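**Q** Place chains B and C with the ligands on chain A using the hints.
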Amino acid sequence: MDTLHAHLEALFDDLELVIGWETGYEPLRPTPAFLRSREDLSRLVWNPLCAPNLSVYLPGILKDAKETGKKIGVCLKGCDSRSLGALVQEGFVERERLYVVGLPCPGTVDPEALAEARKSSAPVTHVSFRDGLLAITSRDGTEEIELERVLARRCRRCRHPNPLHADVILGDPVPPRRTEPSFSDVDAVEAMSLEERRAYWEEELSRCLRCYACRNACPLCVCRDRCLAESRTPKWTTQRDGVRDKFLFHMIHALHLAGRCTECGECERVCPVGIPVALFKEKMARIALELWDYQAGTDPAATPPLQTFDPSETGI
Amino acid sequence: MEQAFFLADAELQEALAGLSAQADVWVPASDARKPGLVRFRRFQPGLTVRLDARSLVSAKEVLFPRSETLLRFTKEKDLSVPAGHRIHLDDARTVRPVVVFGCRPCDARGFLTFDPVFTKGPYRDPYYSERREKTTFVSLVCRDADAACFCSAVGSGPADPEGSDAQLIPVDGGYVLRPVTERGAALLEPIGRTAAPEQIREAQDVLDQVGRETVGEGSLTTLAEAFRARFQDPAFWHAHIDKCLSCGLCTFVCPTCYCFTITDEARGLNGERIRSWDACMFPHFTLEASGHNPRPSKVERYRNRVGHKFSYFPARYGQVACCGCGRCVRHCPVSVDIRAVVRDLPAQEEAHA
Amino acid sequence: MSEKNERQLRIVGFLCNWCSYGGADTAGVCRFKQPPLLRIIRIPCTGRMDPLFVVKALAQGADGVLVSGCHPKDCHYAVGNFYARRRLELVKRFLPFVGLDPRRFHYTWVSASEGQRWQEVVTEFSAVIQELGPNPGIGADTPMETAGQAASAFA
Ligand code: SF4
Ligand code: SF4
Ligand code: SF4
Ligand code: SF4
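One line per chain: the protein sequences are A, B and C, in this order. Using the working numbering, count along the first sequence one by one with no gaps and you end on 316. Using the working numbering, count along the second sequence one by one with no gaps and you end on 1353. Using the working numbering, count along the third sequence one by one with no gaps and you end on 2155.
Bound conformation, chain A alone (with noise of 0.2 Å):
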């Protein structure tokens, strides 16, 4: 935190704005800040709670940054850094105009399963992270809760915690849970029959609100106002509640994000009835994975595999 702190004070007048996480509405909830004043840094905060990929907003405040020669500062974890790694490959975000600082990511708390380890549910005061270990206080007092058992399902599987494409890298290397890719949960769907697998997603789906906070909330669903999901003409879906047209939607985000999805989880975290749907785009990243051998983000001068082909390539 104090090295976060001084580092960018040490930076601040070549900086236009930082983008960071503060303190939310509770502890528990650290939210997107963007801080453009010298006094406004000391309201960064750093921990396993601070969840959002803050890469989603990249895009946007550079078509609207003015051009002062001052760069835009970004924390961003590991996950994070392959989303911006995606963009710059797509040409959505120049690379130059920002000063990425990397921080390594000892995983991220998943609030469902954080509220199900704590003993207490008074609202909590007070929250520290230290060796793994996440103390939480409320009027109940101090729980000491590890991280391990209360991690979002995007860490358990992640392989980049420390992030990549940064300017500097502030804190201790963590060792990554995972070395390969890792695609656990895809194979626990795909063990189901055909039909079970139908019924699974029907009911999964049918609880979707069509909010879209999903599709906002994916840093590589850069079309924005402009989605296909709401449009009339062409119309793909319509307004109807049932579950084919939240299914269309599912796959206009899915098949969009055929490789160029960099598994941040964004999708699922954000959804408010619970769905799995970083799943689609997990089997996606895998398809990617196998056809060829591409993983999106890590090499800013590769070329999404959709957006190129190989004559030579044979099998498909």
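Since the hints were derived computationally from the structure, they do not count as laboratory data. All figures in this text were calculated on a predicted structure; none of them were measured in a lab. It cannot be assumed that every hint is accurate.
BS3-like, lysine-lysine: derived pairs with alpha carbons at most 25 Å apart [unchecked claim]:
(1) B:1120 x B:1134
(2) C:2073 x C:2092
(3) B:1034 x A:119
(4) A:235 x B:1075
(5) C:2092 x A:235
**A** Only chains B and C with the ligands this time, still in chain A's reference frame:
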């Protein structure tokens, strides 16, 4: 408390089954696969009813479905008329009585925002009004406000009976049911047995104690003017809203957001006109046919959300269009806090440099 | 709106204008017998194939989807089908994950002169679809949609 009934925990399912004989009963319930996920669902025996948990999405869909058919149409080819076809319309509908059982006071109160708009004219909405007239709300006196709740700051409170027809008051071994309206009394009559005097006393104590609690700081009900003064202060809105993702989550989980769109969905010669939820946070909401959008970015859209609830609506109807349930705060992917935005409206000292 | 005892099986075919549409035409001109399940949509090039076409057709209950274009290296636009085959292979591998039967989707390459081959492709794929029977799709049709299907021969 003159008249009250007692319902033991163990008799809850039976009572709900009894109510279901005459009405659609909606209760907070959890999903088999996701115990933490509590939503309003139509009661059926065996459903895991969760009166202990706050529901994620509001009860709004009970009276205001996510998508509802307003009318059905069929085109019949007929070359004797200039259009080449005749259109047959069918807007028949049946409205079943509804009971919302075990919602929180804020959920019931949320419909007080709908009422003046949909039932009082100048345009009375028949779809909403017909359902509304047949709906009974039984709300649970609320003892587990969390950090996002702020009902007291909008002039209500965790034991507020306003908008409810009856109240459920948790006591030892079950609930005391207290009628608030005549409709509530009529509903409770058959399901509970008369509460014993000590149960009534216990319930009264709970009511008094919870009634004294303040959930949420300050008051957010008198800022209509402050909003107008802030309207053209982009720096203020940017400081609060740069982080917003402009999704529709906050409006979709909200009990008082009532915006909708009407579309015709047809295939072949048949179709229906449906009304479905829309949201001022979506770009299409204000997109004009010319391509111009008067609310081109999330800043204008979120400003509208705040203005509508805390300025325009109060100016017109004399009440804020927010019941303080905290859902938009609790579930926002990036924890945008509408309370903080509204509270800062009159601030002299600028939060932003 | 009378119920038919058995819904007729339907295959949606997306054929490129330059090769496979010609191939289908050749098969017709030569009077090669083909099963009657296929309904053809002509597209300028398989490069126009949005994988969503496949998913939407299958989700709505089309019993099969067939995509056919120029042989690789023979694309009228030189490279359209190179892009296409990546997308089509990807969607083929994705379908089973969401509970859609991948056997209901087939993509292949048929040139304008290959009338005979076209006949084989259609016959074989139709046999697969006959074997699989009606596709349940994803989610249910609304009553109005079902009515719409019966009323218009091809929705
Ligand atoms: S996926 Fe990896 S980098 Fe991202 S939050 Fe989880 S542990 Fe951190
Ligand atoms: S689809 Fe989901 S996991 Fe993939 S980049 Fe977007 S938000 Fe992240
Ligand atoms: S965030 Fe969840 S509820 Fe909202 S559109 Fe996405 S899947 Fe549906
Ligand atoms: S305030 Fe939060 S929930 Fe509402 S549109 Fe913005 S990001 Fe979505």
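**Q** None of the hints should be skipped; say for each whether it holds.
**A** Evaluated hints:
Of the supplied pair hints, the one linking residue 1120 (chain B) and residue 1134 (chain B) holds, its CA atoms being roughly 16 Å apart against a limit of 25 Å. With a CA separation close to 22 Å, the supplied pair residue 2073 (chain C) and residue 2092 (chain C) stays within the 25 Å bound. Restraint check for residue 1034 (chain B) and residue 119 (chain A): satisfied, since their Cα atoms lie roughly 19 Å apart, inside the 25 Å limit. At roughly 21 Å between alpha-carbon atoms, residue 235 (chain A) and residue 1075 (chain B) fall within 25 Å of each other, so this suggested pair holds.
Taking the CA atoms of residue 2092 (chain C) and residue 235 (chain A), the gap is near 23 Å; set against the 25 Å cutoff, the hint holds.
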